[in-house]
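A.B. asks: Residue numbers (the working numbering), protein chains in the order written: chain A, 1 to 370; chain B, 1001 to 1487.
Any given hint might turn out to be false.
[As the list claims (entries may be wrong)] Pairs of lysine-lysine, DSS-like flavour, derived with a Cα cap of 30 Å: (1) A:K105 with B:K1285; (2) B:K1347 with B:K1408; (3) A:K134 with A:K56; (4) B:K1285 with B:K1255; (5) B:K1347 with A:K314; (6) B:K1347 with A:K58; (7) A:K78 with B:K1226; (8) A:K78 with B:K1408; (9) A:K56 with B:K1123; (10) A:K50 with B:K1347; (11) A:K105 with B:K1284; (12) B:K1123 with A:K51; (13) B:K1331 with B:K1079; (14) B:K1123 with B:K1150; (15) B:K1226 with B:K1255.
[To be verified] Label pairs and their in silico Cβ distance ranges: (16) B:T1323 with A:H57: 17 to 27 Å; (17) A:E311 with B:T1023: 43 to 53 Å; (18) B:L1381 with A:H57: 25 to 35 Å; (19) A:E258 with B:I1330: 48 to 58 Å; (20) A:Y95 with B:K1226: 45 to 55 Å; (21) B:R1115 with A:D68: 49 to 59 Å; (22) B:I1330 with A:H57: 47 to 57 Å; (23) A:Q104 with B:H1380: 32 to 42 Å; (24) A:T87 with B:I1330: 45 to 55 Å; (25) B:G1434 with A:H57: 25 to 35 Å; (26) B:K1245 with A:N192: 35 to 45 Å; (27) A:R257 with B:H1380: 48 to 58 Å.
These are computed hints drawn from the structure, not numbers from a lab.
All figures in this text were calculated on a predicted structure; none of them were measured in a lab.
Glycine residues also receive a C-beta, built at the ideal position from the N, C-alpha and C atoms.
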Amino acid sequence: MSDESDVIQARLVKFIQQYKEGKSSEYEVDFNQLAMSVFDYQFQNNLPYKKFAQLKHKNPLTVKNWQDLPLIPIEAYKQLTLSTRDTTQAEDVFYSSGTTNAQQKSRHYISDLRVWEQSMIAGFKQYVIPTKEKITIFSLFPDMSSHPNSSLSRYITTAMQVFGTENSQVFFKHNQLDYVNLISALKQAQANHEQVLVLGASFSYVHLLAYFDQHPQTFDLAEGSIIFDTGGFKGQSQEVSMSTLYKNLGQVFNVSREQIINMYGMTEISSQCYDRNLIDLSQNQSTYFDKMPPAWVKIQILDVETLQPIEQGKRGLLAYYDLANWDTCLAILTEDIAIQNEHGFTIIGRAKGSEAKGCSIAVDELLKVR
Amino acid sequence: MTSKQTTIDIFHIPTNITLNTLTETIIENESHTVVLRYPEISVTEIKHIANVLQTNQHDYLDQLTTSQIIDVISQVAEKWTDPTYYLRQVAETVIPITTGYNADQVKLELKRFIRLFRKKELKRFVNSEIGHAGAMLDDFQPNLAGGFSKFFGPDLIFQIFSGNVPGIQLWTLIMGLLVKSPTLGKLSFSEPIMPALFVQTLAEIDSRLADSIAILPWHSGQELEKAGIEVADTVVVCGGEIAVKKIKAQVPLDKKVLSYGYKIGFVIVGREALTPEYYPQTIKKIAEDISIYDQQSCLAPQSIFVERGGAITTDEFSALLATELNNYQIKYSRAILQESEKLAIEKMRQATDIESIENSRTLLFASEDSTSWTVAFHDHLGFSASPLNRSVHVFSIDDFLQLQPILKPYQSYLQTAGVAIAPKRLFTLANVLGKLGVSRMSAVGQMNHVSSAWHHDGHFNLLDLVRVTDIENSLEVESEYFDADVE
């Protein structure tokens, strides 16, 4: 069995290496073949997913295209143990922060970190620092040392190990942002004309801007510096529009909109998607802020009524096909509403529950009440 | 393409009030454009309207007897029972466009609903609570303890209407008239048409009576509701949990609040209703209860308890119910939903799929390539609210007495139970359900059709609105002495 998983992993690593810089004419066929192999492997070894596929009347004999793969709802990562391998031997397990229900968290077992790391490294290099080898990373979000079992923390630790200069630091200690040291490090970098990549979750930036409101500060970061933002405001009470947030960040750090990038990632997936602006900029193309999946990820936007692919320009649920999720489920139905156009896709937000129009109480409301 | 256009005033104010220019909202579908006109109202205007309403009531409504009021309302209802009546035709055309409900279903349900306000039904309604054709609303009547008593309605009722089901607002509006109180009403933009048209008919028949009603739509906020509460002595609020809570919190303790809020209905099917002779009918009727107004009324079922041991198994029941829901969808299609409503249904389906991975007895029956209908079958005891819009949970049960602990946590939300069971067990079950807070039990197929004497959410309708003034026996006797002509 481990032979089989070794073969799959070797093929995945090769695929990522082969297509990380660009796609050739064989790409579509290669993606599909690998997706079918991964599905076959998951069908044989991930029992709950196999049952789910069977409920949807799908199996490796009937599914021929990645678009037809049975999409496991993200909720299943909370309720079920989804893994192709013995979870007690997993190298890591990511827990969600309990975005809607604190009691029930998603569990994403990573049996072997190799593919996850390859995916993270290749994606980060291609979309975030396409023209650089290293950059000074200032993280506003905790790394693995203080925040184990978080996919974002492992992401940050890996980014700093692989791409961070020796000046890179995490400014989140004892459950809070270390504003004083962050400001002095930013001033230092500014004085040295040293490019920095400030990395944080959206709500980290909201807190940071609130701090700057009370302790007015502006910076003039070296040209080429990057503001890296991830997530929206899932489960957080503050509602701030991304455009306002980015405008304010741009003003505080004196960074142009083109140098601000948003990453889409979550506990249940292994590969991230990024806005394409930095890659566009590096190739001297017109700059778009839509997201592009890396070569080992495909997406579809599904009509909420039919769960069938919806035409470009219309809102729908994001279906995420991530080959790097080889040891859980590669095809996932997220709860995020997105729109696709010819340049990529945009996340509109987390799907909201429904509220009844009148006196009839709907299940979501009842949960809130109880 | 030319499209038809209908303009409707979604408000009514007394004839002796003039308001500023009207604002328009346009709702359209492929073939029809509906223009809804209404005034933008201010706090000063609300206060002015309240004064005029009270004067109008004093000058006219207060002078009428209950029978006379019933006469007028029933004339309105009779007009609406005529399929060729032009306002009924307007309602039948426009309401499906503004609400999204199936046109044939709206037609049928409006017709049924309006019959509740004919003379015989109104008389029964009044008699069920006040007795003697409402004589105590007209005059001091002798009471059993000696002395006399009379009911007085509120000086001014401020009503906040919900918009989930067309016409639902007429209940409380008519209740106000029957207790001879003027009403200032806030209409919901979701369904303002039926109350506006009904009052328009009322004005056609007796404009002075209609002059004690002002109904206006506005978007929920702070100021106008506050003004409404201030000018009234009684507040009637219908709607979702948040809306009701918010209003209740604003009403001072010395004013009366009647609230009709979030409720859940459910169905109980005994094995005696699942014999080869009866099961097709039983299931068909339950499908109707689920489909009428897409469960948006609080009367509709969200969970179904099916007793094991019938001629069909509980999972067969679920499969057959799914088929009936599909048939119903072909006949009367469900409304087009908002994204969030569709997502709620998708989430229910996902949760059922996940449950069936862990428990293969759990089954999902769902319309293909659409969210039109959903049946989640659980072969165990449980209870769940559903995301509505023709989605329902089915639970297997061995004995109805097991329901007590299952339903207890939801006690304050329970309202209608649709029941299919033999008489022998009916009263035992009714006792259990009554203790649990269920306020209404009906036959299956009739859950959405209340009787004219129903007790809304287990309360009195008219009695809760009125207050009583007693002339005690002592006064009656003593006053005799002051008769100059006494011997």
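A.B. asks: Which hints, by number, does the structure contradict?
C.D. replies: 1, 3, 4, 7, 9, 11, 12, 17, 22, 23, 25 and 26
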